[in-house]
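Asker: So the sequences go chain by chain: A and L.
Following our numbering, the numbering of the first sequence begins with -19 at its first residue and continues without gaps.
Following our numbering, the numbering of the second sequence begins with 10 at its first residue and continues without gaps.
Worth flagging that the hints you see were computed from the coordinates, not collected in a lab.
Just so you know, these numbers come straight off a predicted model, no measurement behind them.
Hints may be right or wrong, so weigh each one.
Facing chain A, from chain L, some residues (calculated, C-beta under 10 Å) [claimed, not checked]:
| hint | residue |
| --- | --- |
| 1 | 98 |
| 2 | 138 |
| 3 | 147 |
| 4 | 309 |
| 5 | 466 |
| 6 | 467 |
| 7 | 507 |
Computed beta-carbon distance windows for the label pairs [unchecked claim]:
| hint | chain 1 | residue 1 | chain 2 | residue 2 | range |
| --- | --- | --- | --- | --- | --- |
| 8 | L | 134 | A | 49 | 29 to 35 Å |
| 9 | L | 425 | A | 49 | 52 to 58 Å |
| 10 | A | 21 | L | 188 | 51 to 57 Å |
| 11 | L | 307 | A | 36 | 30 to 36 Å |
| 12 | A | 31 | L | 190 | 30 to 36 Å |
| 13 | L | 204 | A | 49 | 43 to 49 Å |
| 14 | A | 61 | L | 222 | 51 to 57 Å |
| 15 | L | 307 | A | 21 | 53 to 59 Å |
| 16 | A | 69 | L | 417 | 22 to 28 Å |
| 17 | A | 21 | L | 184 | 33 to 39 Å |
Not the full set, but computed from the structure, chain A residues with beta-carbon under 10 Å of chain L [stated by the list, open to error]:
| hint | residue |
| --- | --- |
| 18 | 16 |
| 19 | 17 |
| 20 | 32 |
| 21 | 68 |
| 22 | 84 |
| 23 | 89 |
| 24 | 91 |
| 25 | 96 |
| 26 | 98 |
Where a beta carbon is used, it is the ideal one built from N, C-alpha and C, also for glycine.
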Amino acid sequence: MKKVSVLILILLCVSLVFAAGAMADQPGMVFLVNVATPGQVVIGQCDGSETISAAPGEHPFCHSDNAAAFQIGSAPGLLASIDVTQEGNFSKTLSDGMVISGALETVHHIYPEIRSYYVYIWRIDGGAK
Amino acid sequence: MKIWIFLLVAVLWIGCFPGCVDDDPSTSSGQADNSDDDDSSDDDADDDADDDSYAPLFVRPSLPINAFHMAASHNTFIWRGPPGGPTTLVASLGLIRALNLGQLFLEIDVTSKTDDGDFWVNHSETTQSVRLSSMLRNIRWWSDTHADHEMIVVGFQWGAGSDEATMNEFNALIDEFLVGTSPVSDEGPLFSLSDWVQEMTAPLDEATRLEIAALPVIELAQVLGYPSIAEMRGKVALETGGSVFSQTPSFFQLGGDGHFTNDGEEALGDIAAHTANRMAQRLTRIYTSGRVFNGNYNLFDGFRSGVSNCALNMEMVGTEHKPAYAFMDENARGYAPPGYVETVDGLPKRLGPPVFVGAFGAESERIVSLDLSFDEALGMTDAPVVIFRVVAQGIGGGTVDSIDVTTPGSTLLANWQEPAAAKLFALAAGESGATIELIVNGNQLGYEVHVVGPTVSNVVIVGETASAQATLWTSPTFRSINLETTGACATLAARGERLFGQLAGQRCEFSENPSFLVEMKSRP
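With these hints in hand, go ahead and build the complete structure from the sequences.
Answerer: Here's what the structure looks like:
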């Protein structure tokens, strides 16, 4: 029984190391959390990656090497840059007059230098709905 | 070897996807299985339960919060994954998800200070970390964007020290995010215990006011009682331990003052301890410790044990699970009426203070008198004042003209018109009784009245009274005034559907939910 427990523990540790390694390969994940009420679809874009789309209640993410260059908006042509590493409230006005407000959160992983970033969309005002 | 790899994968899989477990035990046609009950156009053709009807006023928002169970969560800062390790996701999203699921109580583990006046939130330093300021900021956003939300209580497992300098930093964060202005509102939602006590006791003489204000929280609850569900709407309250309390006064105090703290499931079986706590009119919170993977409380064991706040690990539940559906009354989401409560011999089966409920007929304007008795042994002995609350409303409509105490020397402390006519009164210390006079305008179905107070021991309707034409749905732990049960009961099933049936021992048939209402009618 003791051997079995040790074996399970070893396997657990190995799986955790693999999980940690996988996460270490991804220096910055940016979650776009759309909790605005009333809500509408918000899009985001990590540096060079494809666009992610967050319908009300959704929280998609993308991987970023430069979280300071995240972009947020209402459509591919209507994006504004936002440095998601700056924790606190934010308010971004898009070129169509839409104002997206919310909060930025930085999550510190247990591995040094690894961060995740959460962009909470709490309010959407104006613009073409 | 293969079998162990398989077992390991299975264990990890179960741990990573706890929300997928189907815990609906229903197999028989006579039991609630509401994922597919209502596929017939004839509602009663499915299971003989009228599950798209609504029990009126399932939760009474004019009554004190400690008369009901409250939806409570544990480790709420974890929004996904096991409670420790690199795969655990820590973020404000955990708090937001819990609030969106109707949870009233959020629990945050604060483990250490940052070097810039903030605090780290994580699980025993084995998970990701987030600043406490960020979590408070998002709680404020949720509060600001959900007008008149039900009370939110933020509790802490505090491990960052409680010296004066640390508490000053903590209080500065509370002031910044829960008191001061935000991008949306000028005034913060923080519930101030001292402000509430001051407001409720303002009509009393100065000496009595000061005496009440100086009471420790455990005695304050036995004199003034708790605020109502309605009074707490839109508010954010703090729950703190004794050392933090000395710096940050809060109604919801943990520690050695009557609450259970971080007890495991075995504590649910200590009925004597729970009964003593309830008799002291305290809130009881229990949350799990040392659980891993998809272990979680059986919330219903907590209900039966008389725990007001039985906390769940919310990253492990979904709306289809019983931990959430017990609190899905749309009248006051997040609260559940006590149905069956275990107790020890000789002590009443109630959750908080004694609550009395009665009904009477009044097709046209009439005056109804109630005689109240008080027993100081129920509350604080030698209390500086006797305080009680009277709530009255027409059944299905009908207004109340006035609620007055005719006993000399009474003081009106507070007066509400919504959601029902309600008044809070005070009498001189040592009074053993009082007479209430209700003037109602008339209502075909009749009127209902609730009387509640830390030391109210009996209520009777004086003289000849007509019977109410309608029945009342009320908690079986409330004490009835001239009412008798019809044998019918109502409870909530998954996704909040109402089920109506007959009382079956300690539960309402068709459901294992121990939170239920019984139907009462006026005695002839």
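Asker: Does each hint fit the structure? Answer for all of them.
Answerer: A quick look at each hint next to the structure:
A cut of 10 Å between beta carbons decides the hint on residue 98 (chain L): the least distance to chain A is about 8 Å, and the hint holds. Hint on residue 138 (chain L) holds. Least Cβ distance to chain A is approximately 5 Å, under the 10 Å limit. Checking residue 147 (chain L) against chain A by beta carbon gives a least distance of about 6 Å; that is within 10 Å, so the hint holds. Contact between residue 309 (chain L) and chain A, as hinted, is not supported at the beta carbon level, the nearest pair being about 29 Å apart and thus beyond 10 Å.
Using the Cβ-Cβ criterion of 10 Å, the hint placing residue 466 (chain L) at the interface with chain A is not satisfied: the shortest such distance is roughly 46 Å. Nearest Cβ of chain A to the Cβ of residue 467 (chain L): about 47 Å, over the 10 Å cut. The hint is violated. Contact between residue 507 (chain L) and chain A, as hinted, is not supported at the beta carbon level, the nearest pair being about 26 Å apart and thus beyond 10 Å. Taken as a hint, the range 29 to 35 Å holds for the pair residue 134 (chain L) and residue 49 (chain A), whose Cβ atoms sit roughly 31 Å apart.
Separated by about 53 Å at the C-beta atoms, residue 425 (chain L) and residue 49 (chain A) satisfy the suggested range of 52 to 58 Å. A hinted range of 51 to 57 Å is violated for the C-beta pair residue 21 (chain A) and residue 188 (chain L), which are about 34 Å apart. In this structure the supplied range 30 to 36 Å holds for residue 307 (chain L) paired with residue 36 (chain A), their Cβ-Cβ distance being about 33 Å. At roughly 34 Å, the beta carbons of residue 31 (chain A) and residue 190 (chain L) sit within the given window of 30 to 36 Å.
Separated by about 46 Å at the C-beta atoms, residue 204 (chain L) and residue 49 (chain A) satisfy the suggested range of 43 to 49 Å. For the hinted restraint 51 to 57 Å between residue 61 (chain A) and residue 222 (chain L), the CB-CB distance of approximately 53 Å keeps it satisfied. A hinted range of 53 to 59 Å for the beta carbons of residue 307 (chain L) and residue 21 (chain A) is inconsistent with their spacing of about 39 Å. For the pair residue 69 (chain A) and residue 417 (chain L), the beta carbons lie near 56 Å from each other, so the given range of 22 to 28 Å is not met.
One distance hint, 33 to 39 Å for the beta-carbon pair residue 21 (chain A) and residue 184 (chain L), holds here, with the actual separation near 36 Å. For the restraint placing residue 16 (chain A) at the interface with chain L, the shortest Cβ-Cβ distance is roughly 8 Å, inside the 10 Å limit, so the hint holds. Interface hint at residue 17 (chain A): satisfied, since its Cβ lies 6 Å from the closest Cβ of chain L, which is below the 10 Å cut-off. Below 10 Å, beta-carbon pairs count as interface contacts, and residue 32 (chain A) has none with chain L, the closest being about 15 Å; its hint is therefore violated.
Because the closest C-beta pair between residue 68 (chain A) and chain L is about 7 Å apart, less than 10 Å, the hint holds. Using the Cβ-Cβ criterion of 10 Å, the hint placing residue 84 (chain A) at the interface with chain L is satisfied: the shortest such distance is roughly 8 Å. The interface hint given for residue 89 (chain A) holds, since its Cβ lies 5 Å from the closest Cβ of chain L, which is under the 10 Å cut-off. The interface hint given for residue 91 (chain A) holds, since its Cβ lies 7 Å from the closest Cβ of chain L, which is under the 10 Å cut-off.
Of the supplied interface hints, the one on residue 96 (chain A) holds, with its beta-carbon coming within about 7 Å of a beta-carbon of chain L, less than 10 Å. Interface hint at residue 98 (chain A): satisfied, since its Cβ lies 5 Å from the closest Cβ of chain L, which is below the 10 Å cut-off.
Violated hints for the displayed structure, listed by number in ascending order: 4, 5, 6, 7, 10, 15, 16 and 20.
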